[in-house]
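K.L.:
In order, the protein sequences belong to chains A and B. The numbers in the first sequence follow the working numbering, run straight up by one, and end at 122. The numbers in the second sequence follow the working numbering, run straight up by one, and end at 246.
Honestly, the hints are just simulated from the structure, not real lab data. We put the CB at the ideal spot given by N, CA and C, even for glycine. Hints should not be assumed to be uniformly reliable.
[To be verified] If we take Cβ atoms under 8 Å as the criterion, some of the chain A residues that face chain B in the derived model are:
#1 Arg57
#2 His62
#3 Lys63
#4 Thr67
#5 Lys73
#6 Asp85
#7 Arg103
#8 Ala106
#9 Val107
#10 Ser108
#11 Val109
#12 Cys114
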Amino acid sequence: MAGAHFILRALLLAAATVAAAQAAAPLPDIPKGRGEKCVEDTALMRTNHMEFILHQRDETMHKGIRTSKHSLKECIDCHAVKGDDGLPVSVESPRHFCSVCHRYAAVSVDCFQCHNSKPESK
Amino acid sequence: MEQNDNNIDQYRRRFLERSTAVLAGGVLAPGVFLHAIAQARPVDEAVSGKVRWGMLIDSNKCKTGCDKCVKACETENGLNRTGNPLTDAQWIRKVSLKDKQTGRTASLPLLCQHCAEPPCVDVCPTGASFKRADGIVLVDKHICIGCRYCMMACPYKARSFVHEDVTDQKSYAPRGKGTVESCTFCVHRVDKGESPACVSACEEKAMVFGDMNDPQSELSQLLREVQSTEIRGDLALNLGVRYQGI
């Protein structure tokens, strides 16, 4: 009887530890972009940014439509995060705008195998 | 949706402003006016088959040993040298020809010929290799699997495979390991109404770029006047690049 009681207590303790760990997982600290607001509502961007970029990619590549609203280049330009050296960081850095959430959610980004993750130095 | 409409208005307005500027210029130079209006296109408008971009290269003017066009291409498109010349990408290269019987030598830049019937597009298993409506042949690297069939199919060896990781690409010329690439006619410049970087860099004016479908363009006028040849014309690929003096 005492044994069963011990096991129950141990289980409760374990559950409490897991809950504490979950609560303690820090939410990503999303760096603020340039300007007042994004091209779409924040909530819409969070769920659909990949769709916008994908659509724009085909429009630009195949039809030569080069509007800036949903272009990856504009994302990179507005959301550049400067490192300690004052220069924009690449996607390799955990501070990069894309990395912050993508690392948190463990979703890999393929864009930067070909695209530059930093604004072009002018 | 409303915001989107506003954006379209903005793009149109910018286009009109540019066109007006061109019109004003037209008073001073009528030739310039015709040329520029043919190239201007609002950024939100799709390319059309009314235009076919092409090039005429005069090998008589092209200087042996000069590689300004090659260098300009590398700088414009961010083709950084990796230290492995055997596998470095070449979008344009200088070729020397010698007639063994007469000893005459000629020099010319060789680039993607932007065929109307491109073999690279025929063989591509994923549809990555494609021809834009205005005749520019491109690789959609988003769907390129790096199989290199197109490199085998191209009679001009115009395509390169990217063997090594690339960083700090130009925003308008994304490129990465494992994909095939070739001359884009500097499509980002063409879409702005400019000439490709190699054409702008040629001090001998050996390269002329323009719209083959516009009878008034400098290119079409030249093509009507001078004798020009397609390289491997026997393949009947209807090339976008023609040569003079070979």
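K.L.:
Does each hint fit the structure? Answer for all of them.
P.N.:
Each hint tested on the structure:
no., hint, in the structure
1, Arg57, "holds, 6 Å"
2, His62, "holds, 7 Å"
3, Lys63, "holds, 4 Å"
4, Thr67, "holds, 5 Å"
5, Lys73, "holds, 5 Å"
6, Asp85, "violated, 15 Å"
7, Arg103, "violated, 19 Å"
8, Ala106, "violated, 22 Å"
9, Val107, "violated, 18 Å"
10, Ser108, "violated, 14 Å"
11, Val109, "violated, 13 Å"
12, Cys114, "holds, 3 Å"
Hints 6, 7, 8, 9, 10 and 11 from the earlier list are contradicted by this structure; the remaining hints agree with it.
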